[in-house]
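Below are the chains, spelled out letter by letter.
Protein chains: 2
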Amino acid sequence: MPRRVRLDVDERRTQLVELGIEEFGSRPYDEVSIDAIAQAAGISKGLVYHYFPTKRAFYIACIREGATRIVSSIEAVPDDSTAAPFDQLRAAIDRYLEYVRVHGVAFATLMRSGVGADKEITEIIDETRDVLLALLRKGLGELFPDAVEQKGSLLDIAMRGWIGLVESSSIAWVDTTLAKDLKKVAPTAEQLRDTLSEALIAIVASALKMSAKSRGKK
Amino acid sequence: MPRRVRLDVDERRTQLVELGIEEFGSRPYDEVSIDAIAQAAGISKGLVYHYFPTKRAFYIACIREGATRIVSSIEAVPDDSTAAPFDQLRAAIDRYLEYVRVHGVAFATLMRSGVGADKEITEIIDETRDVLLALLRKGLGELFPDAVEQKGSLLDIAMRGWIGLVESSSIAWVDTTLAKDLKKVAPTAEQLRDTLSEALIAIVASALKMSAKSRGKK
Numbered sequence: 048m049p050r051r052v053r054l055d056v057d058e059r060r061t062q063l064v065e066l067g068i069e070e071f072g073s074r075p076y077d078e079v080s081i082d083a084i085a086q087a088a089g090i091s092k093g094l095v096y097h098y099f100p101t102k103r104a105f106y107i108a109c110i111r112e113g114a115t116r117i118v119s120s121i122e123a124v125p126d127d128s129t130a131a132p133f134d135q136l137r138a139a140i141d142r143y144l145e146y147v148r149v150h151g152v153a154f155a156t157l158m159r160s161g162v163g164a165d166k167e168i169t170e171i172i173d174e175t176r177d178v179l180l181a182l183l184r185k186g187l188g189e190l191f192p193d194a195v196e197q198k199g200s201l202l203d204i205a206m207r208g209w210i211g212l213v214e215s216s217s218i219a220w221v222d223t224t225l226a227k228d229l230k231k232v233a234p235t236a237e238q239l240r241d242t243l244s245e246a247l248i249a250i251v252a253s254a255l256k257m258s259a260k261s262r263g264k265k
Numbered sequence: 048m049p050r051r052v053r054l055d056v057d058e059r060r061t062q063l064v065e066l067g068i069e070e071f072g073s074r075p076y077d078e079v080s081i082d083a084i085a086q087a088a089g090i091s092k093g094l095v096y097h098y099f100p101t102k103r104a105f106y107i108a109c110i111r112e113g114a115t116r117i118v119s120s121i122e123a124v125p126d127d128s129t130a131a132p133f134d135q136l137r138a139a140i141d142r143y144l145e146y147v148r149v150h151g152v153a154f155a156t157l158m159r160s161g162v163g164a165d166k167e168i169t170e171i172i173d174e175t176r177d178v179l180l181a182l183l184r185k186g187l188g189e190l191f192p193d194a195v196e197q198k199g200s201l202l203d204i205a206m207r208g209w210i211g212l213v214e215s216s217s218i219a220w221v222d223t224t225l226a227k228d229l230k231k232v233a234p235t236a237e238q239l240r241d242t243l244s245e246a247l248i249a250i251v252a253s254a255l256k257m258s259a260k261s262r263g264k265k
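Residue numbers (my numbering), protein chains in the order written: chain A, 48 to 265; chain B, 48 to 265.
These aren't lab readings, by the way, just hints derived from the structure by calculation. Incorrect hints may have been included.
[What the hints assert, rightly or not] Incomplete in silico selection of chain A near chain B, CB under 7 Å: (1) TYR146; (2) ALA205; (3) ALA219; (4) VAL232; (5) ALA236.
All values reported here derive from a predicted model rather than from experimental measurement. Beta carbons: idealized from backbone N, C-alpha and C, even for Gly.
Taking the hints into account, I'd like the entire structure generated from these sequences.
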């Protein structure tokens with residue numbers, strides 16, 4: 048057992064969430080043991096429950112921190128004004144897929160609501176999607192300067208759809224990389240990123256075309 | 048109160064599920080009342096609970112029936128050998144979106160797992176996706192005769208991703224059509240179908256191109 052080290056409240060909380068992200072990221076929810084977390088942190092199980100009253104509360108705290116990180120890792124893509132907007136988009140997808148790769152099990156479990164999604168978790172997922180959508184809009188504004196995007200428009204709906212494409216294919220990708228017999232055929236992150244970025248361009252171009260067509264009719 | 052009519056067990060069950068699909072389709076889960084269902088069916092609340100021990104069990108039965116219907120409505124697209132494969136695909140998407148339109152609230156609630164997804168519901172959703180995927184594969188085989196699709200391959204992952212695109216954009220579309228202030232800008236089902244079908248072609252073409260490229264390298 049590691050030597051007990053005195054940490055202040057915030058440090059301890061951070062340490063536990065760190066351990067939780069790792070644990071929930073590498074095995075199913077039901078197999079994550081608070082005992083093991085306590086042991087790894089070098090504290091008693093009771094002290095863990097002092098910070099997080101239930102395993103579920105602990106899980107939600109880890110999910111919340113994970114969502115914050117995925118967003119900041121994408122925001123962190125250098126806003127290099129010399130890089131073409133399309134390359135910036137590709138770089139952002141790379142960061143997203145890197146996060147998915149590292150936290151595979153947790154990501155797939157969460158997005159599948161395999162542990163019984165509750166309101167709080169649904170809210171975290173929705174908020175994260177909204178932030179990603181806002182980032183996407185900013186990037187797309189440079190790629191398609193003429194796009195007038197309005198809430199509820201075909202373009203808005205198509206962009207939300209693309210986030211669904213990214214999430215679903217990420218889940219399928221995680222499944223593939225985790226299955227021993229499929230590992231060999233699994234695409235690389237770069238291949239998946241190329242298909243996702245090309246899909247976005249096609250989807251946005253199609254939505255803009257349809258909208259222009261219907262405006263022409265009116 | 049409607050006159051009580053004697054129905055046999057199967058007929059009664061079918062009648063209740065029919066009413067349930069309508070009710071769950073038009074208001075949030077928490078607002079669906081078993082009292083109202085019993086009244087509409089012309090039977091006692093107790094008799095409803097005889098068929099379905101809990102509201103949740105009743106909900107699951109309705110979801111299961113809804114999933115069966117969405118699949119059969121898509122399968123029912125006339126296998127018209129004179130129609131081009133792309134038109135058949137478009138017709139299938141039309142049927143899917145028609146189902147989404149009619150059962151808007153239930154569809155959005157279910158896909159958001161807003162009522163707390165449990166294992167059974169997750170299984171129904173997963174099974175439905177698998178059936179849709181099988182139908183999609185059949186159709187794509189005609190559109191891209193050279194496509195060798197292997198479980199876990201980029202093409203397989205991209206197709207699962209496309210199902211996610213269809214689901215997410217359908218949810219966003221339902222939200223838009225239900226919001227009074229957005230109704231005006233909401234795209235038509237035909238516009239959404241066009242974007243979804245064009246997206247599929249772009250996604251599959253991209254996945255096939257990446258896979259060919261990587262095979263070339265080996």
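query = Can you name, in rising order, the numbers of the hints this structure does not satisfy?
reply = Hints 1, 5 contradicted; others consistent.
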